[in-house]
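Going down the list, the protein sequences come from chains A and B.
Just so you know, we're using my numbering here: the first sequence kicks off at 1 and counts up by one.
Just so you know, we're using my numbering here: the second sequence kicks off at 288 and counts up by one.
Simulated from the structure, these hints should not be mistaken for laboratory data.
From a predicted model like this one, the values you see are computed outputs, not experimental measurements.
Please note that the accuracy of each hint is not assured.
Okay, the calculated beta carbon distance ranges per label pair [unchecked claim]:
| no. | chain 1 | residue 1 | chain 2 | residue 2 | range |
| --- | --- | --- | --- | --- | --- |
| 1 | B | P330 | A | S260 | 47 to 55 Å |
| 2 | A | A139 | B | V375 | 48 to 56 Å |
| 3 | A | A57 | B | V375 | 21 to 29 Å |
| 4 | A | A57 | B | K310 | 41 to 49 Å |
| 5 | B | M381 | A | S260 | 49 to 57 Å |
Computed list of lysine-lysine pairs in DSSO-like fashion (alpha-carbon distance at most 27 Å, straight line) [stated by the list, open to error]:
| no. | chain 1 | residue 1 | chain 2 | residue 2 |
| --- | --- | --- | --- | --- |
| 6 | B | K311 | B | K382 |
| 7 | B | K311 | A | K61 |
| 8 | A | K61 | B | K382 |
Listed next, the stretches of chain B that the computed footprint assigns to chain A, with coverage defined by at least 3 CB atoms under 8 Å from CB atoms of chain A [claimed, not checked]:
| no. | segment |
| --- | --- |
| 9 | 304–313 |
| 10 | 323–334 |
Where is the CB? At the ideal position from N, CA and C, for every residue including glycine.
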Amino acid sequence: MNNSKKLALDALAKALWLRKQLGIKLDESVSPIDSAERLGVEVRLVDLPSMEGIYTAGGTKNIFLSSLRPQGRRSFTCAHELGHHVFGHGDQFDELATEKTPMRQRDPKEFSADCFAAYFLMPKATVDNGLKRRGLVYASLGAVDVYRLASWLGVGYRTLINHLLYGLRAIPREQASHLLREEPRMIRRHILGQGTEGNLHVVDEHWLGRAIDCEVGDIVLFPKAVEMEGYQFIEQKNILDKKVFKVIRPGIMRASIRTSVWSAFIRVSPSSYVGRSCFRFEEEVNE
Amino acid sequence: MSVAERLREAREAAGLSQGQVAKKLEMHRPTITEIEAGRRKVPAQELEQFAELYGVSIEWIVNGSTGADSGDARVLMAARQLSKMSDVDLDHLMKMLRMLRKKGADE
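Isolated chain B, as found in the complex (with noise of 0.2 Å):
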């Protein structure tokens, strides 16, 4: 996955639609298109702007993980075990942590 699809995942997952996020950070809609579809490069500036507002890990947009696997790995254990949780929400939720901003990562 490309730091564009992570970005829409991300946009998508925090409830925003694109014109809410142009709005919020004052870009112009297309250019929140063009950022992820691929075709315009993303400034570091704008990526913690982004990350911000998604309240996600900018490693996470940058590289897809975290560096803090063996916490996931941790609450995946207790999730199989304490609940009735489907494998596929599980998946899900596991997903959710990877991207989501750990305290102090990207203090």
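Just chain A, with the same shape it has in the complex (with noise of 0.2 Å):
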């Protein structure tokens, strides 16, 4: 066995190891930042633009993540640092991966940390269980569902299609260039009617796992039949058996279906929060 396919075997076993610990299902989405707290690692949002997430491992343990970075890639980039916690590395400065030199990409803890947030957020059993409870298939997975996926696991649409070519084989190279192909935004449109700057998370009754994490701004899908139980949404319009809602304030709050058993909390942050993890869906407070 080569020392990657290794190393990747290590962070897969910690990461099903880790989810086990913490009481998470496999058919279970996660939020890395929650799971952090819970481990008693300290998770700040810092706006520094050339960063992307820092670990410190002396005194306290620490986990800095760039508020200006997308959602999505937040969430992976906590995920990575969380590795670096559970391996036991020492302190671990991530800049912008675009930024990464090839020495970097080579260095076995940075590939173990990678590894290890693909698995810990996206592992075979849960992707699986996920194409299953939507009817969706590998072989015919589009644009449009492989969103709605990683809407619902917390990651990035090209995280995710590079994560079933590359971490779980389970989609050709030719399809997942294809998907690769396609442009978030425009996929977003595509699923709207029309642009939107701004965060698109799509929700189903097949959401299980994690809150549904937004921001203010962020524009949400939901089935039409929800019911809220909260002031952070304003609705928008309906879209065929769709209701669109755009987020206008921090806070946590729960949406439900009246003929379903389904339900979920939604947490807000201010866009781009800058702060202690635990605060980030604070309410606001009169002044």
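Put the two chains together into one complex, using the hints given.
Pasting the structure below:
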């Protein structure tokens, strides 16, 4: 077995072990920030443009995440830093991915942390189950299907495709190339019937696991029969069997469907929130 | 920098408004304003509450240092060697690391 394969298998084992330790079922999506907090790691969102994420191991364990990155990428970076924590690596500094040098890409610690993040957020059983519940199969996965799954898993569209190709070997290269040619911006336009600069979260009755985390200004698509308990959203319009909501203020609320047993918590943070992660969903207080 | 200024800096770094802090600590919002303006003294018990809420060291609030600078220097050196972070961002990071509560330091 070559070294990369061994590192990847170790990372897979660690990721599944941690999910089990935290009581996260294999059919559930997971919030890496919540997981880090449960392990006693202090997570802080900071507006440092030149960094992606940092893990400091001395004294109190800290993870710093850039609030300036897209939500999916921030989530993957948090899981990556959590990987450094679980593997007992020392202080780690992860700058912008686009600026990674070949030397860093070959660094076994970085490779292990990347594999850990991918398998922690997207284990095969979780992705399989997510497809099955939605009546989907790998061979015919389209761009909108992948976008829905990525929304639920809390990762970026391209991150999920690359994991399906390289990590899970669930789709062939040709299908991955075809999906990667689709721009998330255009997929959002296709789903909504109009363009949106903010994030679009596609929520369905098959959403199991983590709360639906979004930011003020985001757009969230729910099944038409949804009932909201809270004041964080305004309803915008109906699209076929979906309702479109815009997120307007921070806080925590609940969504449910009267005719179904499904319900989920929705947690809203300010846009590009900076601060301790434990306060990111605090409601505003009239000054 | 004064205690009052450090309290404001720690609150902002924690992501809380004065109103949110007042609600959590069951104080009046103007009290927080007065404290952060340096017009009201902060008893030791309240200092502990602020430090806990903001996740920072009491020593840092009082003195502006935590006595753990050698550890910070190690982090800084590693960061400079390993990453392409800008100097401005590194300075910001070091400032934050100095502020944060160290394991066992305040216990």
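Quick rundown of the hints versus the structure:
{"no.": "1", "hint": "B:P330 with A:S260: 47 to 55 Å", "in the structure": "holds (53 Å)"}
{"no.": "2", "hint": "A:A139 with B:V375: 48 to 56 Å", "in the structure": "holds (49 Å)"}
{"no.": "3", "hint": "A:A57 with B:V375: 21 to 29 Å", "in the structure": "holds (24 Å)"}
{"no.": "4", "hint": "A:A57 with B:K310: 41 to 49 Å", "in the structure": "violated (34 Å)"}
{"no.": "5", "hint": "B:M381 with A:S260: 49 to 57 Å", "in the structure": "holds (51 Å)"}
{"no.": "6", "hint": "B:K311 with B:K382", "in the structure": "holds (26 Å)"}
{"no.": "7", "hint": "B:K311 with A:K61", "in the structure": "holds (25 Å)"}
{"no.": "8", "hint": "A:K61 with B:K382", "in the structure": "holds (16 Å)"}
{"no.": "9", "hint": "304–313", "in the structure": "holds (count 6)"}
{"no.": "10", "hint": "323–334", "in the structure": "violated (count 0)"}
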